[in-house]
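Based on the provided sequences and hints, a complete structural model is requested.
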Amino acid sequence: MYDRNIFVFGSKTCTNVAQETLSSLPLELLWKIFSYLDNTSLRNATKAYKKWHRIIASNKKLRNRLNFFELVIKVGSESMAQFYKRNKRMLKRKKLRNYLPTGECTVGVTRSITFKKRSGDDLVIHTKRFKLF
Numbered sequence: 029m030y031d032r033n034i035f036v037f038g039s040k041t042c043t044n045v046a047q048e049t050l051s052s053l054p055l056e057l058l059w060k061i062f063s064y065l066d067n068t069s070l071r072n073a074t075k076a077y078k079k080w081h082r083i084i085a086s087n088k089k090l091r092n093r094l095n096f097f098e099l100v101i102k103v104g105s106e107s108m109a110q111f112y113k114r115n116k117r118m119l120k121r122k123k124l125r126n127y128l129p130t131g132e133c134t135v136g137v138t139r140s141i142t143f144k145k146r147s148g149d150d151l152v153i154h155t156k157r158f159k160l161f
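Numbering (this note's numbering), first residue to last: 29 to 161.
Worth flagging that the hints you see were computed from the coordinates, not collected in a lab. Glycine included, each C-beta is placed from N, C-alpha and C at the ideal position. There's no promise every hint is true.
Said to hold, decoys possible - With beta-carbon atoms standing in for the labels, derived distance ranges:
no. : residue 1 : residue 2 : range
1   : S52       : R91       : 18 to 26 Å
2   : R114      : R71       : 30 to 38 Å
3   : K78       : P54       : 34 to 42 Å
4   : K89       : N115      : 36 to 44 Å
5   : K89       : K113      : 29 to 37 Å
6   : T49       : S86       : 18 to 26 Å
Set out below in structure tokens:
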């Protein structure tokens, strides 16, 4: 009888009705819906469906929310952190990466063990902020 799929030149254009109903809404309404998502969910939505990626990338505010993400890159001792800070330019030239360092935080000891002969360095976590677009 009646088929919900639309045929154009012998191929189906609409195979999944659930995805197509969301994409058939007006663009401004879709931007409003996607603006309620957090950054991680917004990033996952762009990877889920190509049309959603185009919709999100067409709005400047949503695209800017996708543009930056933080990634933990190095966990090590304080001496490794000092080495990394001293040689940051050289490492950047060798890797040819586009990043902006955002900061560091030290991880404290939750309990102390008395059988140690010497105390170790604190662990330092460095984060980098990468630019996608």
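- Range hint compliance [Cβ, S52 to R91, 18 to 26 Å]: Given a distance of about 22 Å, which is inside 18 to 26 Å, the answer is holds.
- Query: Honestly, do T49 and S86 meet the 18 to 26 Å range at C-beta?
  - Reply: Holds, at about 19 Å.
- How does the Cβ-Cβ distance of K89 and N115 compare with 36 to 44 Å: does it lie in that range? Because 37 Å falls inside the window, the suggested range holds.
- Message: Holds or violated: the 29 to 37 Å window for the beta-carbon distance between K89 and K113?
- Response: holds, 34 Å
- Message: Is 30 to 38 Å respected by the C-beta to C-beta distance linking R114 and R71?
- Response: holds, 33 Å
- Task: With respect to the beta-carbon atoms only, verify the hint that K78 and P54 lie 34 to 42 Å apart.
- Result: violated, 19 Å
Hint 3 alone, counting from the list given before, is not met by this structure.
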